[in-house]
Amino acid sequence: MTMVDGLIIRSSSIHAAGCYTTRAIKKGKRVCEYDGPRFTKDEADDRYQDRDITYLFSCGENGLVIDGFGTAMFINHSCDPNCESENVDGRVFVVAIRDIAAGEELTYEYNLYDSDDDEQNCYCGAKKCRGTMFSEAEVKRRARKARALAKAGR
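Each residue of the sequence shown is one higher than the last, beginning at 1 in UniProt numbering.
Simulated from the structure, these hints should not be mistaken for lab results.
Misleading hints may appear alongside valid ones.
[Said to hold, decoys possible] Taking lysine-lysine and the DSS-like style, the derived pairs with C-alpha atoms no more than 27 Å apart in a straight line are:
{"#": "1", "residue 1": "Lys151", "residue 2": "Lys27"}
{"#": "2", "residue 1": "Lys128", "residue 2": "Lys151"}
{"#": "3", "residue 1": "Lys41", "residue 2": "Lys145"}
{"#": "4", "residue 1": "Lys128", "residue 2": "Lys29"}
{"#": "5", "residue 1": "Lys140", "residue 2": "Lys151"}
Build out the structure end to end from the sequences listed, making use of the hints.
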């Protein structure tokens, strides 16, 4: 499993620091692995209960999360991404979904869910920005929950 050389971290207009490529990347190429220690979601919630920013990534059906470490933790969210995540036997890879030019910031959709936060605003600047880093399914789930609460008079 070869990964792309030439990834650098520098200031990002999306959020703080971002991951950029100094070389062109072809569609379908594995860019890097999202790696780090793994624990249960409950352990991660306890560990980071007082933190505003975490680099946690769900890695499968068993409820484990990866506590991001390394280059991949700097890849920012975008509603018009050039990469996506791919879960292979509990390992998470970032893969190019189109050809990426040298100098571009790498992005993927975070598709957040199961967050304790009321909002996860998006600042990606894409023409079709959805305004949130929550997954579409999570947005719908929250809307259903809000309607049910309103109907119950809460």
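To see whether the hints hold, each was checked on the structure:
| no. | hint | in the structure |
| --- | --- | --- |
| 1 | Lys151 / Lys27 | violated (47 Å) |
| 2 | Lys128 / Lys151 | violated (32 Å) |
| 3 | Lys41 / Lys145 | holds (22 Å) |
| 4 | Lys128 / Lys29 | holds (25 Å) |
| 5 | Lys140 / Lys151 | holds (16 Å) |
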